[in-house]
Amino acid sequence: MMRSIHYTTQGRLDKDLTLDKIGQVLSEKEGLMWVHLDCPDEQELLAVLRDTFHFHPLSIEDCQSTGYQTPKVDDFDEYLFIVVHALQPGPQFDRLETNELNCFIGENYLVTSSLAPEMSPVNKVWNRLHLDERLIRRGTDFICHAILDEMVDEYMPLLDDLEEEIEELEDAVLTDPQLETLQRILALKHNILALRRVISPQREVMNRLSRDDFPQIGHQNQIYFRDIYDHLVRIQDLSDTIRDIVSSALDTYLSATSNRLNQVMKALTIVSTIFLPLTFLAGVYGMNFRHMPELEWQIGYPLVWCVFILLALGMAWFFRKRGWF
Amino acid sequence: MMRSIHYTTQGRLDKDLTLDKIGQVLSEKEGLMWVHLDCPDEQELLAVLRDTFHFHPLSIEDCQSTGYQTPKVDDFDEYLFIVVHALQPGPQFDRLETNELNCFIGENYLVTSSLAPEMSPVNKVWNRLHLDERLIRRGTDFICHAILDEMVDEYMPLLDDLEEEIEELEDAVLTDPQLETLQRILALKHNILALRRVISPQREVMNRLSRDDFPQIGHQNQIYFRDIYDHLVRIQDLSDTIRDIVSSALDTYLSATSNRLNQVMKALTIVSTIFLPLTFLAGVYGMNFRHMPELEWQIGYPLVWCVFILLALGMAWFFRKRGWF
Amino acid sequence: MMRSIHYTTQGRLDKDLTLDKIGQVLSEKEGLMWVHLDCPDEQELLAVLRDTFHFHPLSIEDCQSTGYQTPKVDDFDEYLFIVVHALQPGPQFDRLETNELNCFIGENYLVTSSLAPEMSPVNKVWNRLHLDERLIRRGTDFICHAILDEMVDEYMPLLDDLEEEIEELEDAVLTDPQLETLQRILALKHNILALRRVISPQREVMNRLSRDDFPQIGHQNQIYFRDIYDHLVRIQDLSDTIRDIVSSALDTYLSATSNRLNQVMKALTIVSTIFLPLTFLAGVYGMNFRHMPELEWQIGYPLVWCVFILLALGMAWFFRKRGWF
Amino acid sequence: MMRSIHYTTQGRLDKDLTLDKIGQVLSEKEGLMWVHLDCPDEQELLAVLRDTFHFHPLSIEDCQSTGYQTPKVDDFDEYLFIVVHALQPGPQFDRLETNELNCFIGENYLVTSSLAPEMSPVNKVWNRLHLDERLIRRGTDFICHAILDEMVDEYMPLLDDLEEEIEELEDAVLTDPQLETLQRILALKHNILALRRVISPQREVMNRLSRDDFPQIGHQNQIYFRDIYDHLVRIQDLSDTIRDIVSSALDTYLSATSNRLNQVMKALTIVSTIFLPLTFLAGVYGMNFRHMPELEWQIGYPLVWCVFILLALGMAWFFRKRGWF
Amino acid sequence: MMRSIHYTTQGRLDKDLTLDKIGQVLSEKEGLMWVHLDCPDEQELLAVLRDTFHFHPLSIEDCQSTGYQTPKVDDFDEYLFIVVHALQPGPQFDRLETNELNCFIGENYLVTSSLAPEMSPVNKVWNRLHLDERLIRRGTDFICHAILDEMVDEYMPLLDDLEEEIEELEDAVLTDPQLETLQRILALKHNILALRRVISPQREVMNRLSRDDFPQIGHQNQIYFRDIYDHLVRIQDLSDTIRDIVSSALDTYLSATSNRLNQVMKALTIVSTIFLPLTFLAGVYGMNFRHMPELEWQIGYPLVWCVFILLALGMAWFFRKRGWF
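Chains as they are written, first to last, in the numbering used here: chain A, 51 to 375; chain B, 51 to 375; chain C, 51 to 375; chain D, 51 to 375; chain E, 51 to 375.
Just so you know, these hints were derived from the structure itself, not from any lab. It is possible that some hints are incorrect.
No copy is singled out in the list; a pair is fine if it fits within one copy or between any two copies.
[Said to hold, decoys possible] Listed next, the in silico SDA-like pairs over lysine to any residue satisfying Cα-Cα at most 25 Å (straight line):
no.: 1; residue 1: Lys174; residue 2: Leu108
no.: 2; residue 1: Lys371; residue 2: Glu218
no.: 3; residue 1: Lys79; residue 2: Asp263
no.: 4; residue 1: Lys371; residue 2: Glu230
no.: 5; residue 1: Lys122; residue 2: Arg261
no.: 6; residue 1: Lys122; residue 2: Ser170
no.: 7; residue 1: Lys371; residue 2: Gln228
no.: 8; residue 1: Lys122; residue 2: Ser297
no.: 9; residue 1: Lys371; residue 2: Asp226
no.: 10; residue 1: Lys371; residue 2: Leu229
no.: 11; residue 1: Lys122; residue 2: Asp203
no.: 12; residue 1: Lys79; residue 2: Arg370
no.: 13; residue 1: Lys122; residue 2: Glu200
no.: 14; residue 1: Lys122; residue 2: Glu213
no.: 15; residue 1: Lys71; residue 2: Thr291
no.: 16; residue 1: Lys371; residue 2: Ala222
no.: 17; residue 1: Lys65; residue 2: Asp294
If we strip away everything but chain A, and leave its shape as in the complex, we get (with noise of 0.2 Å):
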C-alpha cells in the first residue's frame, strides 16, 4: 500500500499522488513530497522505487530483503539511503523483535519504506503531519528526523521493562534459584544481545547524520539528529549497564546455588554426623554375645539413653558452635 502528500510551493497539500503525478514533483523540483510504502509487494516497489524514483539497485535490494539488516547510511549524491530499526516485542517468550524502516531523503522528497505494516512511529508522524501543517514546513529532513525520533523513544519503555525484570531476576536468584529463573535470564541476554545489535550502529548514523555534511540535512535541523544521537547513548548506556547485571546474575545464580547446596549439606551432615554413632552404639548392644555384661545391669538401659542424649546434645552443640545452625 503506498500513501504519499504532496506540500506544494503554493503551501497546498496534496495527498494519495499517482505514479505520474510523482515523476512530475520529482522532475520539476516543486515543493516537498513524502511518499511511504506500507509493506508493499515487489512489483508496487520496483514500480515506485525503481521506476519512478530511479533508485540505486543496491538500495532497492535492501528494501526488498526479509533478512536483518544493519542500520546504516548510504550516501549517493543524490539522496540518502537510511537503513533503521524499529523495536517491539516479539510474540513469544518476550522476545525482542526488529522492524526495518528504509528511507530515502532527497532534495525535496522523502520515501520511507517499511516490509512491517503499520510501523507506529510512521504512523504517528503521518498523523500529526495532518494536525499541524507546520511539520512538513520544515523540510523532508524534518519529517525524517520526526520519525527517527518516535521510532528510537518506542525503545526507552522496553528498555525499562527490561531493566525492571532483570532486577526482580536479581532477587528471585538470590532467594529462590530456580531454573526457570536460569531460562529468564537467559531469554533477557538474548534480548540485550538483540538490542546492542540494532542500537550501536543505529547511534552511528544518527551521529553521521548530525556531523557529516549531506546536501539533504539542513544545517538547523543536524541539532535535532544530534538529539536522537543523544538518546541513543543513552539508550546504549543503560543496556550497557543492563548487560553487565544480567552477566553477575549469571555468577550469583552459581553462587546462590552454591550456598543453598552447603546448607542442604550441612543438614544431612549434621543427621548423619549425629545418628550414626548413636545407631553403631544401638547396634553393639544389639549383639548376641553370651557375654556382655553390661546387658545385665538393672540400669544399662536407662544409662545408654543417657548416653545416646548426651551424645547427640554434644554433637548439637559442637556443630552449634561452629555456626553451622
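Mind docking chains B, C, D and E on chain A? Use the hints.
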C-alpha cells in the same frame, strides 16, 4: 524558586532581579549575572528559559525531563548548555542517586537549573559568593567551575566509602560467605555501575571544556576545568579498581563456598567411613544364626570392642595422614 | 587445470587461450581477460603466474602455500593481490573448513587461483558469464566482486545453522546437561573462532577495496564492494552474538549442573534425614538389655510404629515447609 | 627540609642556597639549579613554591595534597609540572604503597618535592651529583631523567617478587587449595591493580616527555625519557601477564577444590555403596521371625560371610573398573 | 665470538675482518659488511659496538642486559637498532624460552648480537650467504630480513604444537578431568602469554620497518618486511584462538568435574535411597518387642523379602524414570 545575582560594571551586587530586569541586563550585556532555578515548576522554567533567555527548545526539554540525561556539552554559538550530575546516597539500600544540574553559560550570564531541591554544590558556591566578592569578578565561567568543582569533590568520599565497604566484604567473603554478603556485593556493583555511567561522560564534558575553544570559557580558566578533569580521571581510576575487586569478590565467594563445602563433605565422609563399617560389624554379631561360634567365646565381646576401636583408630590415622583434619 | 576467457574490444568471447595468447593480450592490453587456475600443480602455477604474468615472488609463494593465509590486499602498483577465504562444512565433527582463493586484478585482466578443486563461487560466476555477456563488459573488477559476493553469500546459511544449533544447545543445557552437550558447545566455539578469524580481516579487505583509490577498481564499482563489506559487518555482528551465547551456554551448563546437584543432594538428605533416626530407633529396640520395660508392653510394638510414622511425617512436613520438594 | 644545589656558569657548585639567592638565580637565569623539598611542612612549601618560584596555585595544591594523585604532565609555558610515583612494600600484608614525587622543570632549574621522607631515587641522584659533576652539566632535564630512571628501576624487583609469588601460589592452588592461598591471591591482585593504576599513566607521562616538543626538555635528552618509557612498557607487559595468571589462579582454585570434592565424594560413595548393602543383609539375619530357615543351617553363618566378602569385592571391582580409585 | 663478512664493491668476499679493517670499511663506506657477535663477553661487546661502531650507550646497554627486552625499533638517524626475539622450548616443563637478537642496520653494514649461543636463524642465513652470493648483493637490509624471516618461520611449528596439545587437553578435560590435565592447561596458558608478549610488539616492529621511511631499508625490500608482518599477524591470530580455547578449557574442566560429581552423587543417592529404607525395615523386625504378631506368621519371612524386593524395584524404577541411570 528562582535566585539571581547581578554584578554590575560599577561593582554593585544586585539580588533577586525581576524577569524584566534580567531581560534588560541580557540585552544590554551589562555586568555579570547568575540565575539559579531551584526545583522550578514548568511555568517558571518556561518563563525564564524560553521567554526571557530564548534558549533552544531541545535544551529546555532536557531541563524539564525527570529521566536520566547523559552528561554532555551542547554548543549553541550564543551559549553553552552543560548537563552534569551530582551523586548522593539514596534513601534505601545504600543505592547511590544522581541529581541532574543543567548549566547555560553565556557571554555575561550563567543560568543553572535543577529539579532536585537545594543542591549542596550550588548552595556552597552561592554562599561563598556573598562572602567573597572576588569570586564573581573572575567571570561566570569561573563560577560554573566552582560549582562543578564542589560537585566532583563530593564524589570522593562516596568512593572512599565504597572502597572501604568492598574491602570489608572481601574479608567477610573469605571468612564467612553468607547470602547477605552476596546481596551487599551486588548492591555495591549496582553503585559502581551507576558511578561509571555518570563519571565517564562527565569526564568527557570536562575534557571538552578544558580543551575546546569556547568563547564563553576564558583561556586562563580552562586550566581549572582541566583540574576537575584530572580529579575525574582519578575517580574513574579508583572506580575501575573497585569494580575489579567487586568482580573478583564474586569469584572468591564461589571459591570460599566451595572450600567450605569441601570441609563439610570431609566431615561427613570421615564420620560415615568410620561408623558404617563399625555398624556393619555390630549388625553381623546381631544376626540370629544358630551356629555362630564367636558368640559363644568368653572374650568375644571384648574382642569385638578391640576390633571396633582399632578400626576407628585406623580410619582416623588414614584421614589424618591424608591431611583431612 | 586452467580455464580462461577473453572478451575482445570487438565484443567477441574467446575461451581457453594458450599461454602465448594470454601473453599477447597482456602486452597489447587489448580487451578484458579472466584466467582461473583450478587446483593447479606447481609447474602450471609457475608457468602462468611467474612466466606469463610476472607476478611478485611473494604473491606466487602465497598461492602455493597450503597453510592458512590471513585475508589481505597487497598493492603492487601494476596489480592488486587479494587473498580471501570461502567457508564450508568439513568432513567430520561439523568442523568448518576454509578454502583460500587468490585473486590478481590488473588493468584488463583477472587471475584467480585456488588449491581447492571446483570452488562453487568461481563456478557460479563462470557459468553466469556464459549466460549473460553483460557481466564481463562491466570490467574485471566487477567479475571479482561477483565472485566475492557469491562467496560471502555462502557464509550466511552456515551462520544460520550455527545460530540454530546454539539455541538448541542452550535448551539442552537447561533441561538436560550432558557431557555430550558440552562437547557440542565446544565444537561450536571452535567454529565461531574459525569464522571470526576469517571474517574480520576479510571485512578489512572489502573496506580497503571500497574506500582506497586503486586504479584497478572503478569508482562506480566501489559501492558493490561496499555492499559486500556491509554483508560482512552483518555476519561479524551475528557471529559476535553467537559467540556471546556460546560463552553464556558454558556458564549456564555449570549453573544447570549445580542446580541438578542440588536436587540430587536434597533427595539424599531427605531420605537420610527420615530413615537414619528411624533406623536408630529400631536399633534401640533391637538391643538385648534384660531390663527394657517398653519391650514388655502390650502396645509397645504398635506404639513404636506410631512414633515411626509421626517422625517420618514430621520430617516430610518440615522439608515441604522449607520448599525442598 | 630543603636541599639545593647551584651549578654556576663559572662551573662552581654552590649548595644550600637561601631563598633570596634562589630568587636571584631565578631572575638572572644564571647557571643550573636543583631544589629538593624533602617532606616539607606547609609553610616551607608555600615559601618556596608560591613566594619564590611563583608556581600556579593548582600545582602547589597538588604538592600539598596527601591523597593519591594520578601521574601527569602539566605544561605551564614557563615550566613543566610532573607528578610521578615511587613504589615500595607497605608495612603490613605485603601491600604495595606509592610515594608521590612532584617535579617542576624550568629553563634552568629543577624543583622536586615529596611528602614521603628520604625518597631513595632522589637521594641516589643527589649523591651521584656530588661524585660526578658531569651529571649536572647535562642539564636539569637530565637530572630529572636520572631520578625517574632510578624510580622505575626500583619497580622491577617488586614485579619479580610478585611474579615469583604468583607462580608459587599457582602450585599451592593445584596441590593444596586452602583459604589462606585464596587470601594471598587476593592480596596479590590488589597489588597488581595498584601497580597498573600507577604504571599506565606514568608511561603516558614518559611518552609525552619523549615525544612532545617541550622547551624544557633538550632534544638530545628525549631518547633517555624514551628509554624509561620502554622500561615502563616492559613493566606493564609483565604486570599484564601477572594479572592474567592471577585471574586464572582464581579459576584454578575453583577447579582444584571441585576436583578435591570429587575425590572426597567418591570416597564417601565407595564406602557407602559397599557397607550399606552389607549392613542391610546383616540386619536381615538379625530379624526375629520365627521361621527363617537359613538361620538353622549349619553353614548359614560362613555362607553369609562369603556373601559379604563377594559383595564387597564385587563393588570394589566395579569401582576400580570405572577408575574411581 | 665474532664473525664478520665483507662484500667489497669489486665483488670479493672477505671474512673474519679485524677490528681495524672494520673501522676502515666503516669510514670509507665501501661495500657491504655483516658482523655477528655470538654470545660475546662484555669486553668484546664494548670493543666492537662502542669503540668501533660508536653506537649510542643506551643501545649497547640493551645488548648487554640479560633481562627480557621488549621488541622495538629505535631510529638513531645513522642506524636503526632493532630488538627481536626467537622462541624455543625451554629445558623443563615445556616452557617456551625467548632468545634476544639485537640488530644494528647502517647504510652499508649490519651488526647482529645475541647473548644466546649459536642462534639457528643467524646460522642458517650465514650458511646460505656462503652458498649463494646473490643474497648479500641485495643489501644488508635484505640479510636482516632473511634472519628475521627464519626466526619467524621457527614460531609456526611451536604454535602448531601448542594447538595440537590444547586440542588433546580439551578432549582429556571432557573424558577424564584430572589435576594433571589442569596443570598442563596452566603450563599452556603460560606459554601462550609468553608468546603474546613477544609477538605483539614484534609485529609492530615489522609494521614500522615495512611502512616507515627509513634510509637504511630499501623501498623494494620493504615488501619483504611486510611479508614477515603478515606472518606475525597470522601467528598472533592463531595464538588468540589458542588462548580462547585455553580459557574455555578451564571453564570446561569445571563443568566436566561438576558433571562427574553429579554422577557420583547420583550413585550415592541411589544406593542410599534403596538401602536405608530396607535397613530400617530389617531393623524393625529385629526389635525385641514381646508382642510383634508378624514375627509369628509362617509366611512373615518370605513376605518381608517380597517387600524388600518390591521396594528396591520400585526405587530403581523411580530413578530410571527420572533418567538417573
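Verification of the hints:
Within a single copy, Lys174 and Leu108 get their C-alpha atoms only as close as 29 Å, which misses the 25 Å cut-off; across copies the closest is 20 Å, which meets it. In this assembly of identical chains, Lys371 and Glu218 lie within 25 Å of each other by CA distance solely across copies; the values are 23 Å between and 36 Å within a copy. In this homomeric assembly, Lys79 and Asp263 come within 25 Å of each other (Cα to Cα) only inside a single copy, at 21 Å, whereas the closest approach across copies is 34 Å. Taking CA atoms no more than 25 Å apart as the test, Lys371 paired with Glu230 passes between copies only; the shortest distance there is 20 Å, against 37 Å inside one copy.
Taking the shortest alpha-carbon separations for Lys122 and Arg261, both the intra-copy value of 15 Å and the inter-copy value of 16 Å come in at or below 25 Å. Taking CA atoms no more than 25 Å apart as the test, Lys122 paired with Ser170 passes inside one copy only; the shortest distance there is 21 Å, against 30 Å between copies. Within a single copy, Lys371 and Gln228 get their C-alpha atoms only as close as 31 Å, which misses the 25 Å cut-off; across copies the closest is 17 Å, which meets it. For a Cα distance limit of 25 Å, the shortest separation of Lys122 from Ser297 qualifies neither inside one copy, at 29 Å, nor across copies, at 28 Å.
Proximity of Lys371 to Asp226 under the C-alpha cut-off of 25 Å is restricted to the inter-copy arrangement: shortest distance 14 Å between copies versus 27 Å within a copy. Taking the closest pair of Cα atoms, Lys371 and Leu229 come within 25 Å of each other only across two copies (20 Å); inside a single copy the shortest separation is 34 Å, beyond that limit. Proximity of Lys122 to Asp203 under the C-alpha cut-off of 25 Å is found in both arrangements, the shortest distances being 19 Å within a copy and 19 Å between copies. Proximity of Lys79 and Arg370 under a CA criterion of 25 Å is satisfied in neither setting, with 88 Å inside one chain copy and 78 Å between copies.
For the homomeric pair Lys122 and Glu200, the shortest alpha-carbon distances inside one copy (18 Å) and between copies (22 Å) are both at most 25 Å. Proximity of Lys122 to Glu213 under the C-alpha cut-off of 25 Å is restricted to the inter-copy arrangement: shortest distance 23 Å between copies versus 27 Å within a copy. Proximity of Lys71 to Thr291 under the C-alpha cut-off of 25 Å is found in neither arrangement, the shortest distances being 51 Å within a copy and 46 Å between copies. Taking CA atoms no more than 25 Å apart as the test, Lys371 paired with Ala222 passes between copies only; the shortest distance there is 18 Å, against 31 Å inside one copy.
Taking the shortest Cα distances, Lys65 and Asp294 never come within 25 Å of each other, neither inside one copy (49 Å) nor across copies (48 Å).
Violated hints, in rising order: 8, 12, 15 and 17; the structure is consistent with all others.
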